Amino acid sequence: DSGVTQTPKHLITATGQRVTLRCSPRSGDLSVYWYQQSLDQGLQFLIQYYNGEERAKGNILERFSAQQFPDLHSELNLSSLELGDSALYFCASSVGWTVTDTQYFGPGTRLTVL
Amino acid sequence: AQSVTQLGSHVSVSEGALVLLRCNYSSSVPPYLFWYVQYPNQGLQLLLKYTSAATLVKGINGFEAEFKKSETSFHLTKPSAHMSDAAEYFCAVSGGYQGAQKLVFGQGTRLTINP
Chain A
1 DSGVTQTPKH
11 LITATGQRVT
21 LRCSPRSGDL
31 SVYWYQQSLD
41 QGLQFLIQYY
51 NGEERAKGNI
61 LERFSAQQFP
71 DLHSELNLSS
81 LELGDSALYF
91 CASSVGWTVT
101 DTQYFGPGTR
111 LTVL
Chain B
1001 AQSVTQLGSH
1011 VSVSEGALVL
1021 LRCNYSSSVP
1031 PYLFWYVQYP
1041 NQGLQLLLKY
1051 TSAATLVKGI
1061 NGFEAEFKKS
1071 ETSFHLTKPS
1081 AHMSDAAEYF
1091 CAVSGGYQGA
1101 QKLVFGQGTR
1111 LTINP
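Residue numbers (our numbering), protein chains in the order written: chain A, 1 to 114; chain B, 1001 to 1115.
Chain A with its partners taken away, still in its complex shape:
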């Protein structure tokens, strides 16, 4: 158990819908990262927040947005969903903001878009 929690574990929804994925980092970690893992694209970095501020951005679509709240939990919002958004979404956390700080991954949320 990494100490990172993600809810829900599974999500099934329809095209065009909007969903919110939630992540609680390990106690004491200030950074939260979001990743997408799919058969087509592999594992891709989406976005990083550090202590409430956006720190780094990856291949995140404009239909997707994220935020980190004062209690440090984070939410990833996915809107206007398409079939291709079906994937495993991971959250990771680390104590600092640099890439050399060890990232601890949650178990993921499996999103299925029908």
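Hint data in this document are derived by calculation from the structure and do not stem from the laboratory.
Some clues are possibly wrong.
In silico SDA-like links for lysine to any residue, alpha-carbon gap of 20 Å or less [said to hold, decoys possible]:
#, chain 1, residue 1, chain 2, residue 2
1, B, LYS1058, A, ASP101
2, B, LYS1069, A, THR100
3, B, LYS1058, A, THR102
4, A, LYS9, B, GLN1045
5, A, LYS57, A, ASP101
6, A, LYS57, B, GLY1095
7, A, LYS9, B, PRO1040
8, A, LYS57, B, SER1003
Keep in mind it's a predicted model, so treat the numbers as computed, not measured.
We have chain A; now place chain B onto it with these hints.
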């Protein structure tokens, strides 16, 4: 820009045999390099990382990797495979202290251990 190529999407070895998982990177700046392991239905776990100190890096579970700049490689090895090593392994690169603070992952190598 950074990229990673993992040679072999599937590798199969016998229990007790040497494990060798290959990773070649491309980076326009001195890289930081990482190996992660993903067990079925779990998130990723860091095995080891190279951050420009010693070129031979030792990680958890008996794994190690050697950074070879001349070969742009960071291959992962373990002298003796155990059944519990069966998992998917990901190599990742970051652009070092000059690069963006994000990881670029390879496509992964699925390791199977034969009894």
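Now the hints, each set against the structure:
1. For the given pair, LYS1058 of chain B sits about 17 Å from ASP101 of chain A by alpha-carbon distance, which is consistent with the 20 Å threshold.
2. As the CA atoms of LYS1069 of chain B and THR100 of chain A are separated by approximately 19 Å, the hinted pair is consistent with the 20 Å bound.
3. Distance check on the hinted pair: LYS1058 of chain B and THR102 of chain A sit about 15 Å apart at the alpha-carbon level, within 20 Å; holds.
4. For a cut-off of 20 Å, the pair hint linking LYS9 of chain A to GLN1045 of chain B stands: about 18 Å separates their Cα positions.
5. Between LYS57 of chain A and ASP101 of chain A, the direct Cα distance comes to roughly 17 Å. Compliance with the 20 Å bound is thereby established for this hinted pair.
6. The hinted pair formed by LYS57 of chain A and GLY1095 of chain B meets the criterion: a straight-line CA distance of about 14 Å does not exceed 20 Å.
7. This hinted pair checks out: LYS9 of chain A and PRO1040 of chain B have alpha carbons roughly 14 Å apart, not beyond 20 Å.
8. A distance of roughly 17 Å separates the Cα atoms of LYS57 of chain A and SER1003 of chain B; the hinted pair therefore holds under the 20 Å criterion.
In this structure, none of the earlier numbered hints is contradicted; all agree with it.
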